[in-house]
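Line by line, the protein sequences give chains A and B.
Read in numbering that gives the first Met the number 0, the first sequence has 170 at position 171, and its numbers run on one by one without any break.
Read in numbering that gives the first Met the number 0, the second sequence has 153 at position 154, and its numbers run on one by one without any break.
Because the hints were derived from the structure by calculation, they are not lab data.
Worth double-checking, as some hints may not be accurate.
[Stated by the list, open to error] Dumping the calculated DSS-like pairs for lysine-lysine here, alpha-carbon to alpha-carbon at most 27 angstroms:
1) Lys1(A) - Lys92(B)
2) Lys1(A) - Lys1(B)
3) Lys134(B) - Lys10(A)
[As the list claims (entries may be wrong)] Listed next, the stretches of chain A that the computed footprint assigns to chain B, with coverage defined by at least 3 CB atoms under 8 angstroms from CB atoms of chain B:
4) 17-25
5) 32-46
6) 81-90
The beta carbon of each residue, even a glycine, is placed where N, CA and C say it ideally should be.
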Amino acid sequence: MKHIGIICHTKPASGPDRVIYNRVEDRLVQAVERTGMLPVLIPITSLQDLTDYFIRLDGLIFAGTTNIAPFYYGEEPTDKTGELDLVSDQFEMTILKQAIGQLPILGIERGFQLINLALGGTLSQINSRIIHFGSGTTYHSLNIRKGTLLHGLYGARLIVESNHSYELGDLAKDLKWTAKAPDGCIEAFEHTELPIMGVQFPPHRMSDNYSDLLLTAFLDTL
Amino acid sequence: MKPMIGITASFDDTYIINDQNYANSLEKAGAIPVILPPLHDLSRVDAVLARLDGLILSGGQDISPFRYDQDPHPNCASYSDLRDAYEIALYNKARQLELPILAICRGMQLVNVIHGGTLVQDIVSQRPDSLEHAKPDVTATAHRITIESGSVMEQIMGGSAVVNSLHHQAIDQPGEGLKVTARAGDDMIEALEADNLIAVQFHPERLFSQPAFLRFFEELVRRAK
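Assemble the whole structure, with the sequences as input and the hints as a guide.
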């Protein structure tokens, strides 16, 4: 049975004792279990050498929704950046950079953007007429590139949930885009050599079927 | 290679959650921590434990009173059959594998129930003369405990200590095979022991910056190596 490490994010302190929680979306955990993998959650620590995890795990998932601090690609936050989680940024970047080439990696939403940054790409704030985020649940379509893993799973076109105020700027040179929104926004990629893939949309929040297809494909890379 | 120690998790409506003090305590004690979300398929506990060197049963919600053959008291709330069932399966398998276990608060109560013991479902209404055991600020000290001589508890904390406290339920009848190793001034059971098992009613993870409380995690890590 394959052990999948899902990286936690923190919930800001609340209550009289100011407790901070490590947390992962329950629907993502359930989606991983449903696909036949064992989800274990990796809490945020100040550990600098994360390789002891890699010996005991078969793959990693990076997810989450908080924007990554723009400092990581040489920009400043704007009024649309929202709340940042600098502790998560630092821990995730550390573990991700050490994991590349060691374990298969799946990036979802924030995790998708993080992989691009870790491999040398950039992000930019979305300035588009199609809707990528809003106060409620928003949707748009995707055009999926022929000959890619994603095309094999979903076909040429997919309607996805969308909730992101940043998009990929420069795509890292080792990544190949596999889906784009109608405005040209890159919504999915695969690594050209390593078992690393990412999606901007949240399959686990869309439907069990979409989610199971993607996670089963990830399981097949382990 | 550092030992990898699993921590059981709580949850809210959307997230699997775990107080970061558990992971931080383990990190400081020299382990790498992982959080274990409750799984629906209980047969997977074998695989979960196969890669772990030790286990922390963490604090959290009440245990279903049906697990110890009682009906719910009005103040017994929010128990989860999913979490209870998963943690019981995890504990039983971990015992079989002789993995070292540290059980905290709910974790100690769960261990007691698995061993056939019972719980006081609501201290304030059922034991009205008790000390205050549910202090909202769990970083504050709450009451003294007296520790059994010759116990592992004594090696960790000495003959007596002042501890924090955040629980509205408590051990009533101790379970079979569990030794009571600490009590509060109102006679409430504050620690239980067995081979490879240390169980405490208070929260050492919230005070791990103090050596006496960090020692619980250091002892777990020492046994996990």
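So, going through the hints one by one against the coordinates:
1. Taking the CA atoms of Lys1(A) and Lys92(B), the gap is near 19 angstroms; set against the 27 angstroms cutoff, the hint holds.
2. Between Lys1(A) and Lys1(B) the alpha-carbon distance is near 21 angstroms, which keeps this suggested pair within the 27 angstroms criterion.
3. Between Lys134(B) and Lys10(A) the alpha-carbon distance is near 22 angstroms, which keeps this suggested pair within the 27 angstroms criterion.
4. Only when three residues or more bring their CB closer than 8 angstroms to a CB of chain B does the claim for the stretch 17-25 of chain A stand; here the count is 8, and the claim holds.
5. Here's how the stretch 32-46 of chain A fares: 11 of its residues keep a CB closer than 8 angstroms to some CB of chain B, so the rule of at least three is met and the hint holds.
6. For the stretch 81-90 of chain A, the proposed coverage by chain B is not satisfied: 0 residues have a C-beta within less than 8 angstroms of a C-beta in that chain, short of the threshold of three.
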